[in-house]
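Residue numbers (the working numbering), protein chains in the order written: chain A, 1132 to 1720; chain B, 155 to 355; chain C, 5 to 215.
Fair warning: there could be bad hints in the mix.
Residues from chain A that face chain C, not an exhaustive set, calculated with beta carbons under 10 Å [to be verified]:
no., residue
1, Asn-1313
2, Thr-1321
3, Asp-1323
4, Phe-1337
5, His-1365
6, Asp-1544
7, Glu-1546
8, Lys-1673
9, Tyr-1677
Mimicking SDA-like on lysine to any residue, the simulated pairs with C-alpha atoms at most 25 Å apart in a straight line are [claimed, not checked]:
no., chain 1, residue 1, chain 2, residue 2
10, B, Lys-201, A, Asp-1521
11, B, Lys-201, A, Arg-1551
12, C, Lys-159, B, Thr-310
Over 10 Å on every C-beta distance to chain B, these chain A residues come out as not near it, computed from the model [unchecked claim]:
no., residue
13, Val-1380
14, Thr-1472
15, Ala-1490
16, Asp-1516
17, Val-1557
18, Gly-1635
Read the hints as simulated data drawn from the structure, not as lab findings.
For glycine and all other residues, C-beta sits at the position ideal for the given N, C-alpha and C.
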Amino acid sequence: MTEVVAPTVEAPAAALESRFPGAVTPDARAGYSGYVVAADQLIEVATALRDEMGYDYLSSVTGVDYIADGKLEAVYHACKTTGGPALVLKVQAPREAPVVPSLVNVYPGADFQEREAYDMYGIRFAGHPNLKRILMWEGFAGYPLRKDWKEAYYEGETKPFESRWPGGDFVRAEEKNIFSHNVAYPAGFTPDDWVPESEVSQYPVFDPSTQGEGHGLKTDKLVVNIGPQHPSTHGVFRMLVTLDGETIVNLQPVMGYLHRNHEKIGERNTFLHNMPFTDRLDYISSMSNNLGYALAVEKLMKVKVPERAEYIRVLMVELTRICNHLWAVGFLLNDLGAFFTPALYAIRERELILDFFEATAGSRMMCNYMRFGGVARDLPERIRDDNTLDFLNDMVFNRLPRAIDDLETYLTDNEIIRSRCIGVGVLPPQQAVAFSAAGPLLRASGVAYDLRRADPYSIYDRFDFKVCTRPNGDIYDRYLIRMDEMRESAKICQQVLRDMPTGGDILAGKPAYNVRVPAGESYGRVEGPKGELGFYIVSTGKTNPYRYHVRAPSFINITLLGELCKGHKVADVVAILGSIDIVLGETDR
Amino acid sequence: MYGLGIVKGLWVTVQHFVDTYTDDIRWLSKRYIDPDKLSYRQSSKGKGLFTVQYPEEKLEVPERFRYLPFLLYEEKPDGTKEDRCTSCGICAKVCPPQCIWIERTEDPVTKRPVPAPKAFFIDTDICMNCGYCAEYCPFDAIKMDHDYEIASYDRTGAHVYDKEKLSKPVSYYAGIRPTDYAAEEQARAEAEAKKAARKAR
Amino acid sequence: MTDALENPNYPVPDELKSNVIVTTIDRLYNWGRRSSVWPMMFGLACCAIEMICTAASRYDLSRFGMEVMRPSPRQSDLMIVSGTVTKKMIPVIVRLYNQMPEPKYVMAMGACASGGGPFKEGYNVVSGVDKFIPVDVYVPGCPPTPQALLNGLIKLQEKIDSQSIASVPWYQSGNSEPVPVPLLGPDLIDLRQRPLFNQLAKQPAAQAVTE
Ligand code: SF4
Ligand code: SF4
Chain A
1132 MTEVVAPTVE
1142 APAAALESRF
1152 PGAVTPDARA
1162 GYSGYVVAAD
1172 QLIEVATALR
1182 DEMGYDYLSS
1192 VTGVDYIADG
1202 KLEAVYHACK
1212 TTGGPALVLK
1222 VQAPREAPVV
1232 PSLVNVYPGA
1242 DFQEREAYDM
1252 YGIRFAGHPN
1262 LKRILMWEGF
1272 AGYPLRKDWK
1282 EAYYEGETKP
1292 FESRWPGGDF
1302 VRAEEKNIFS
1312 HNVAYPAGFT
1322 PDDWVPESEV
1332 SQYPVFDPST
1342 QGEGHGLKTD
1352 KLVVNIGPQH
1362 PSTHGVFRML
1372 VTLDGETIVN
1382 LQPVMGYLHR
1392 NHEKIGERNT
1402 FLHNMPFTDR
1412 LDYISSMSNN
1422 LGYALAVEKL
1432 MKVKVPERAE
1442 YIRVLMVELT
1452 RICNHLWAVG
1462 FLLNDLGAFF
1472 TPALYAIRER
1482 ELILDFFEAT
1492 AGSRMMCNYM
1502 RFGGVARDLP
1512 ERIRDDNTLD
1522 FLNDMVFNRL
1532 PRAIDDLETY
1542 LTDNEIIRSR
1552 CIGVGVLPPQ
1562 QAVAFSAAGP
1572 LLRASGVAYD
1582 LRRADPYSIY
1592 DRFDFKVCTR
1602 PNGDIYDRYL
1612 IRMDEMRESA
1622 KICQQVLRDM
1632 PTGGDILAGK
1642 PAYNVRVPAG
1652 ESYGRVEGPK
1662 GELGFYIVST
1672 GKTNPYRYHV
1682 RAPSFINITL
1692 LGELCKGHKV
1702 ADVVAILGSI
1712 DIVLGETDR
Chain B
155 MYGLGIVKGL
165 WVTVQHFVDT
175 YTDDIRWLSK
185 RYIDPDKLSY
195 RQSSKGKGLF
205 TVQYPEEKLE
215 VPERFRYLPF
225 LLYEEKPDGT
235 KEDRCTSCGI
245 CAKVCPPQCI
255 WIERTEDPVT
265 KRPVPAPKAF
275 FIDTDICMNC
285 GYCAEYCPFD
295 AIKMDHDYEI
305 ASYDRTGAHV
315 YDKEKLSKPV
325 SYYAGIRPTD
335 YAAEEQARAE
345 AEAKKAARKA
355 R
Chain C
5 MTDALENPNY
15 PVPDELKSNV
25 IVTTIDRLYN
35 WGRRSSVWPM
45 MFGLACCAIE
55 MICTAASRYD
65 LSRFGMEVMR
75 PSPRQSDLMI
85 VSGTVTKKMI
95 PVIVRLYNQM
105 PEPKYVMAMG
115 ACASGGGPFK
125 EGYNVVSGVD
135 KFIPVDVYVP
145 GCPPTPQALL
155 NGLIKLQEKI
165 DSQSIASVPW
175 YQSGNSEPVP
185 VPLLGPDLID
195 LRQRPLFNQL
205 AKQPAAQAVT
215 E
């Protein structure tokens, strides 16, 4: 891994200490970095950080439950859009009454992330405009990620469970539960005495009194509920759209319909167990999820990845990016009403890449391919009847560039697409940065922020590629940027195939299933196809992570959806959503 | 000119249409006879859109393809079966969703563990087909199967695989994964040879 | 079919006459239904991606007359539950199921929909969609590959073929009862378990409750 030649954190951070004496102290725990900030000064510190030190981009917000110390900790990762590693800030609060000031006014991108931390840990963010549960529903009992909260099927603190071996007597988890469902209720609960949370209190938009008048006429605003089951949304996602006539005045996303408790399960898993689970985050681009997670753990383990493995990793990840963008473009067109034909052409190319993944990793989608210190297996000899290298060369030199050109001719000049897309859902660059938008969404607004260049990882510094940007930040540019990025990815793949060493190890050390990871925290991030995918890991030196958090680009990008849709028509909502390109597995985790 | 973009797009569709049909006609007589033709059309050289006529023709899965795990047994010359599994429990420990249950055999007299499983269950309703069990098994006793045609009408009985349902002969494994099998056999032979050499010395 | 049966002049015993007509109608009826199973356009998680790939050109669902994915439950015959069923989602799924007209079929695609899948232990995951709605075909796998899904759909067609118009429940008298929609309280509430709740509330000591 290479060091970054960007302004280091030390200089401005030292300034922080002297500017806020007593309120900002370096985090002295072994293996930790960054600063602990006093709760009452957080807003001032964050403002100074943003305005004076260039940390204009809040990458992630999350919580950690240090139950032994009786503390809940809010963890912030701030970065500069000019590049460089993230600066970690922490705010501690007592577990009994955890209150932390909200950063929504400094970094609007903290909005949903703070709600998530509230949902999972019960940290109250004072000053947050809408501090409601986001992944679970209002009225759910307990804060699930707290270390003392146990679910209905709880079996043990950490895996592997004792009951599996040597006395493995098979029982289904539901057979042990009195309701034979995955449920647990507070003592004495009966549905007859229970008053459900009203829709209005959960979703204030339904409250008729909040809807004012417009145009001097007495008009009623209309709230339209879109989803969660809806053909055009990308999965189970719900939007509450307030309309004035046909114009959107407000849009509130509701999510959590695919909340699969990734993080709770991840903290019970061993480090290795988590790898196949990361496949199921953004299930269209499992290889990049694998890489992000592997990087985060490798940072703590300090292993060096063999050359050949690095090249294979980059090859896989870039092919994944092409897959993902093909899918995104195909389905954006689907959302625009070009039902399935563009998607068919995109899927056909994607299938070929999946064939390669399947032949190499064993599964089309759930690759589970990376290991700590390398990859699971070397490239196969053959793919169907072709030699693997011939196949790859044919793909990245001929077939994929041709397919991208083909799509380009097919779609780019199409007048219908242009009139539906140009000028719709415009995202100005300042707003994009403030809302922590990532990936193509950010770059289509003209901000050249790509982690492969901004905070290089793996061996990206060896490749010649461009960080593409587009100036306008509308749907059309978000479509074009994906085309550009596919071309660049193909270029990177070509260089990989040219430079890849032919032999050598693909894994550092022996395959080990019970890795112990040195104590400390680490934040590994990669430029996933959808944006910055980060893994925040706290290890206590055991075989299981103490904290495992995923900074999911799909989740954070969706913070902007309401802003982007305002003033547009209902029909544009699905197009804008499609252009953000979310995957619910990652949004809800 | 307004509309030119649409015309260009339509032209692409026409090309795809023509490609698809010319290819279809070109391979029409051969595809049902020669499976190679099927894989040619699926390769990067194929043109047009192509449909696999499942279930009449099936797209072959690659060797490393993984679906559900299965247990291997050796067929002894006298017709008995010997499990490769020693019930060491590594697969149960390494399984991420913890869907493997193994009961170890105990010697009835000494109460000491015997290296063979008494019972072995995999709940396929939990299994995530990750392949870890096969990857980390030190005895090559559990491997990932290729059989995906296992839809059923009822899951209560059918989806928990017991040892009997899981067990398949080594020859089956050698058939579906010839390269892996050959590599493993070679490694084993080398290890044996080394051991023998050490003993001899 | 034997040649004798193909022969239109073959003498049918009187007591069998009505049955013969039924089987012939059955064949026609089932052929019609099996060749136009319209799935609901409805995806939940990772498995949905494989479902879309199955509908795309390489595997092409339309060979089975299933390409018409209907966004509305009122027009669909088959619900492919493709992915993890969460507690937050299950009320919606049950409601959609209730809205589908008979005859309706449900397919549990993948480990998650069948029995909870890898995320089964999670606090927001339902251990299989069959805990709430009846499932006709289960397709194991995580995710089932397109060919595995097709195999499941063929199994479903076989099931349809085995039904008889004389005995199918939707032509019997009486109305079919909708499945009660579960509620989202402190945890998921299955209203069919009301008696159990009341019984437990009466004897608080004997509860299996965490927290
Ligand atoms: S494939 Fe993975 S999930 Fe399935 S039994 Fe093996 S280790 Fe467990
Ligand atoms: S069965 Fe596997 S692939 Fe399907 S939804 Fe569940 S986790 Fe995803």
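Hints and how they fare:
1. At about 5 Å, the closest approach between the beta carbon of Asn-1313 (chain A) and any beta carbon in chain C falls short of 10 Å, and the interface hint on this residue holds.
2. Hint status for Thr-1321 (chain A): holds, given a least beta-carbon distance of 5 Å to chain C, under 10 Å.
3. The criterion of a C-beta within 10 Å of any C-beta in chain C is met by Asp-1323 (chain A), whose closest approach is roughly 7 Å, and the hint holds.
4. Interface restraint check for Phe-1337 (chain A): the shortest CB-CB distance to chain C comes to about 16 Å, outside 10 Å, so the restraint is violated.
5. Hint status for His-1365 (chain A): holds, given a least beta-carbon distance of 9 Å to chain C, under 10 Å.
6. Of the supplied interface hints, the one on Asp-1544 (chain A) is violated, with its beta-carbon coming no nearer than about 24 Å to a beta-carbon of chain C, more than 10 Å.
7. Taking 10 Å as the C-beta cut-off, the interface hint given for Glu-1546 (chain A) is violated, the closest approach to chain C being about 26 Å.
8. A cut of 10 Å between beta carbons decides the hint on Lys-1673 (chain A): the least distance to chain C is about 19 Å, and the hint is violated.
9. For Tyr-1677 (chain A), the interface hint is violated, the least distance from its beta-carbon to any beta-carbon of chain C being 18 Å, above 10 Å.
10. Between Lys-201 (chain B) and Asp-1521 (chain A), the direct Cα distance comes to roughly 17 Å. Compliance with the 25 Å bound is thereby established for this hinted pair.
11. At roughly 31 Å between alpha-carbon atoms, Lys-201 (chain B) and Arg-1551 (chain A) are farther apart than 25 Å, so this suggested pair is violated.
12. For the proposed pair Lys-159 (chain C) and Thr-310 (chain B), the alpha carbon gap of about 17 Å is at most 25 Å, so the pair holds.
13. No beta-carbon of chain B comes within 10 Å of the beta-carbon of Val-1380 (chain A); the shortest separation is about 33 Å.
14. Distance to chain B contradicts Thr-1472 (chain A) as a non-interface residue, since its nearest Cβ pair spans about 7 Å, not more than 10 Å.
15. With 10 Å as the threshold on Cβ separation, the claim that Ala-1490 (chain A) sits away from chain B is violated: the shortest Cβ distance comes to roughly 4 Å.
16. With 10 Å as the threshold on Cβ separation, the claim that Asp-1516 (chain A) sits away from chain B is violated: the shortest Cβ distance comes to roughly 5 Å.
17. Every Cβ of chain B is farther than 10 Å from the Cβ of Val-1557 (chain A); the closest lies at roughly 22 Å, confirming the non-interface assignment.
18. Taking the minimum C-beta to C-beta distance to chain B, about 18 Å, the non-interface status of Gly-1635 (chain A) holds against the 10 Å cut.
Against the hints set out earlier in the document, violations occur for numbers 4, 6, 7, 8, 9, 11, 14, 15 and 16.
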